[in-house]
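Asker: Next come the chains, spelled out residue by residue.
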Amino acid sequence: MAVRESDATGSNPVRECRKVKRVTQAELAEAVGVSRQTIIAVERGDYSPSVYLAIRIARTLERSVEELFTLEEES
Amino acid sequence: MNQRNSVFDRWSDRVMDLDSPAYGDERERTVFMEASSFGLTIGLYAGLAGSVVSAAFGLFLVPTVLLALTILPAAATQWYARRRGVHLNTLAEEGGAKSTLVNMVAVCTVIALTFAAMTYTVFAGQPLLPFPSVTVTPGEGLLGGMAQGAVVGGMVGAVAGIIGSVVSYRKANRGR
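In order, the protein sequences belong to chains A and B.
Following this note's numbering, the numbering of the first sequence begins with 1 at its first residue and continues without gaps.
Following this note's numbering, the numbering of the second sequence begins with 76 at its first residue and continues without gaps.
None of these hints come from the bench; they were simulated from the model.
It should be emphasised that the depicted structure is a prediction, and the values quoted were computed from it without experimental measurement.
A couple of the hints might just be wrong.
[Unchecked claim] Among the chain A residues that face chain B by a calculated CB cut under 8 Å, a handful are:
| # | residue |
| --- | --- |
| 1 | 33 |
| 2 | 34 |
| 3 | 35 |
| 4 | 41 |
| 5 | 47 |
| 6 | 50 |
| 7 | 51 |
| 8 | 60 |
Cβ coordinates follow ideal geometry from the N, Cα and C atoms, glycine included.
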């Protein structure tokens, strides 16, 4: 599983959803139990989270895992 | 996970302390493990390089110890993975990765060169390269002063490291 790659504008579903919900990277990190650096890496597409972390992020942002993450070949 | 009840298993669990918060979150943990593997690999190659160089100077004990010290971590890695159901040799054989082949050839080449240098010394009665003559008299000259500074500095640095570790531990656990 991988976070959908950022497009030319640098946006991706996790970052977009986080901004819509007005949650900072630090707040999201604390809610899902990882460091802010990890959230940054996920949003940049530098790190593919585990299923468990993907679920925690999706629940925190009140979205489904499929909306936020997808297999790289599908993107 | 299987076969994890022996004394060595419990000892390895304690050494690794895989539930430690020091590993950080899952990404940091992954990078930590990758970094540890990278450091170990560099250490193995440094040991192999040291063994072939010392063998070229006609030494026997140093290259033997260095080779043993490089084999030990490799064997420990194999053992640790096997106890958890991952057979590294099988992976290497079935993977067919070019990087694995290159690493194996490089390691075996260095070991062959080490024993070749030792063989030359045994049959020729002299080292492949003349051993550089360096005499260090404590307290005399630049080298003597450096040697004294190095041993005292190393001891002070190690003690400072112990104190710093304890202070960091207390600071991290304050308020928990």
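Asker: Would you mind marking each hint as holding or not holding in the structure?
Answerer: Tested hints:
Restraint check, residue 33 (chain A) versus chain B: the minimum CB separation of about 7 Å is within 8 Å; hint holds. Proximity of residue 34 (chain A) to chain B holds as hinted, the smallest CB-CB distance being about 4 Å (cut-off 8 Å). A hinted interface residue such as residue 35 (chain A) counts as satisfied when its beta carbon comes closer than 8 Å to some beta carbon of chain B; here the least separation is about 5 Å, so the hint holds. Interface restraint check for residue 41 (chain A): the shortest CB-CB distance to chain B comes to about 6 Å, inside 8 Å, so the restraint holds.
Annotation: interface hint on residue 47 (chain A) holds; nearest CB of chain B at approximately 5 Å, less than 8 Å. For residue 50 (chain A), the interface hint holds, since its Cβ comes within 8 Å of a Cβ in chain B; the closest pair sits about 6 Å apart. Contact between residue 51 (chain A) and chain B, as hinted, is not supported at the beta carbon level, the nearest pair being about 11 Å apart and thus beyond 8 Å. For residue 60 (chain A), the shortest C-beta to C-beta distance to chain B is roughly 14 Å, which exceeds 8 Å, and the interface hint is violated.
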